[in-house]
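Student: Build the full structure now, drawing on both the sequences and the hints.
Chains A and U supply the protein sequences, listed in that same order. Position one of the first sequence corresponds to residue 1 (this note's numbering), numbered consecutively onward. Position one of the second sequence corresponds to residue 1 (this note's numbering), numbered consecutively onward.
Simulated from the structure, these hints should not be mistaken for laboratory data. The reader is advised that the hints may include incorrect statements.
As the list claims (entries may be wrong) - With a cut-off of at most 25 Å between alpha-carbon atoms, the simulated DMTMM-like pairs for lysine to aspartate or glutamate come out as follows: (1) A/343 to U/163; (2) U/89 to A/299; (3) U/89 to A/51; (4) U/168 to A/351; (5) A/202 to A/299.
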Amino acid sequence: MGSFKVIAVAALVILCFAISTAFAGEIDILVNKLVEKGVLSQGEAQQVVTEAKEEARTEMAKGKNEVLPKWLQTTKFSGDMRLRYQGETKTGSKHRDRGRFRLRYGFQMKPNELMKVGFKMATGENKTNGPEQTSTNQSFTNSYQNKPVWVDQAYVEYKPFANTDMVFFKDMALTGGKFANPFYTTDMVWDGDINPEGGVVKFTPAVNAGLNPFLTFAYMPLGESSSDSNDPFLVAAQIGSSGVIGARPYKLGVSYFNYENIKGNAWNTYSANYTPTGNNTLTGTMLTYGFNILEIAGEYSPMDLTVMGNSMPWTLVGDYARNLAKNSPTNKTAWLAGMKLGKAKDKGTWELFWNYRQIGQNAVLATINDSDFHLGGTGAKGNKFGLVYAIMPNSTLGLNYLITDPYRTSPALTGTSKHIDIYQIDWVTKF
Amino acid sequence: MEKYRGMLLSLVMALGLAIPAYAESIVVEGSTTVLPIAQRAAEEFMDKNSGADISVRGGGSGVGITSLIEGTCDIADSSRPIKDEELEKAIIRGKAPKANVIAMDGIAMIVNNSNIISELTKKQVKDIFTGKVSDWSDVGGSGGQIVVVSRDSASGTFEAFGELALDKAKVRKDALMQASNQAVVSVVSKTPGAIGYVGLAYLNGVKALKVDGVMPAKETVLSKQYKFSRPLFMYTNGKPQGLAKEFINFILSAAGKNLVDEEGFVSIQ
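Tutor: As structure tokens, this is what we get:
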């Protein structure tokens, strides 16, 4: 009954809006007639029409406030749907074709002026211990069996000083739960589908239009075991800035990811069933080395390029990561260099990107970096290309091509120690 | 004697009611575009009404509307209509913003006086400000990089320009963001490849461009032939009352219209 009431009042508001819109249209006609007859001047006509429209907006807002519950007024729903064809060719293995889909949907609501609550669901393969942390893809499989959805995000954000004039603290945000990755990074270190868990404090003081610094601290548990008090967790900090240098935009972030209790721990317990190859292990999936990663990520747009009559920003992208753990891990450096051109946003616009990367076997954590590049993990090098075209409003057609090879793995990895070509064709619609 | 005393008392009371009592003060805050009108109107109004105390501040349309919602000003100057989220916030706080249109304005496209360009289409303006075009030769000019100068995001002119000229698209990231109309004029007048946008009152020292063949001027703004035309507002909480009402009525009077025109804006006539 409660939801029926909400739907009924929502329909009433929509009806009121339609009536008020029609009313505004009639005012236009009437006022134009009065101008034609010389009763009103053009300026008076604009004044009357504008004030009437604004009055209608105010009345609408009042009506909405009276009939819709507060939580619904401040709630924003959003989501996206992706259809993907993925082809994979591994040297010495059979070619693999997969049809896949990804659905994500959720909402953000504001219970008060200082807080925000977010919730998002997403598809994902149902494996032995649940979904993969680095992928929300669901393959077309299992004879049309219904497919699961999982909690992708669930968090609360609090800005205690949002209503003050304190420059440094005004935009300080405290976030707890399972949330979007708070760090500026690339998928060489963090897969874009990762939604970490724990707590984050982020400072984004408003300095001026040319300099937007950000400072982030996070505590993110990786696992919890009733039989082990040394649960693994991540303590991380990032400092960075975005803005313009000589009228050209840039962004730079320097991060330190300090993983604790991760070396020699029962890694399988803490990474669900997703254990991509790469990092050296002792027995099973226990990591041989610790991970204390320094990352420097940045982008800079030195100029605009004119392509087919359209000028579009050309952006250089770079990322460098090194595992500074004390126990001398081997192959501990990873780097990425690439470029982006354009932005697929409005209908008819497009973007192109390319990057090359080398990921040392113990440079970054194999369970959380890009799950597409060399089919996930570390100890790989190669190129990633992409072309995206905005085919209609809120919808894009994209093509990705990844060409990868093993990179300095010791001992040699099984399964992914081959040349791998991956091509993906994506249709993405946002709503 | 009692009879005369009663008559005298009645006379004093009648006089008291007939003479407007301006032992009242109001705060006017907001748009830097509307600021020249508000300042000059306040000075002239207070000259004529010695008891009135009108304090005028700038800060931008968003600042003014926020102050109106929070109850720290009586009139919010704005060069754009109130946003939906601001309206929602105001209603939740028990306020009822009332739009009072006090003048019209055109957002003029300006370039350096040395620029050979004299007009642009609306599409060219959008392409330049969103980054699709970045060389003057692409829009009929003599070549060279276009330096885009914009108002900052707290400005109502920025919002109105985004709506009227850019169809709500974002201004390119490398645009030089300025805090006032005068600052935009200053940068454009000193930079040969620059283009910016300002209210009609700020055309000194720069070259205004036609848009879709129409020059920004009082006549074309009133007739809406000029596409980047907009109303200028003074928002009050509900229908204006007391000194706020008298002040707005003064701006809409013949004397007020004269000062609006003298400040370079378009009076409602």
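Student: Against each hint, give a clear statement of whether it holds in the structure.
Tutor: Structure-based check of all given hints:
1. Note on residue 343 of chain A and residue 163 of chain U: the hinted pairing holds, with a Cα-Cα distance of about 21 Å set against a maximum of 25 Å.
2. This hinted pair does not check out: residue 89 of chain U and residue 299 of chain A have alpha carbons roughly 37 Å apart, beyond 25 Å.
3. As the CA atoms of residue 89 of chain U and residue 51 of chain A are separated by approximately 20 Å, the hinted pair is consistent with the 25 Å bound.
4. A C-alpha spacing of about 20 Å is found between residue 168 of chain U and residue 351 of chain A, which places the hinted pair at or below 25 Å, so the restraint holds.
5. About 21 Å separates the Cα atoms of residue 202 of chain A and residue 299 of chain A, which keeps this hinted pair within 25 Å; it holds.
Checked against the numbered hints above, the structure violates only hint 2.
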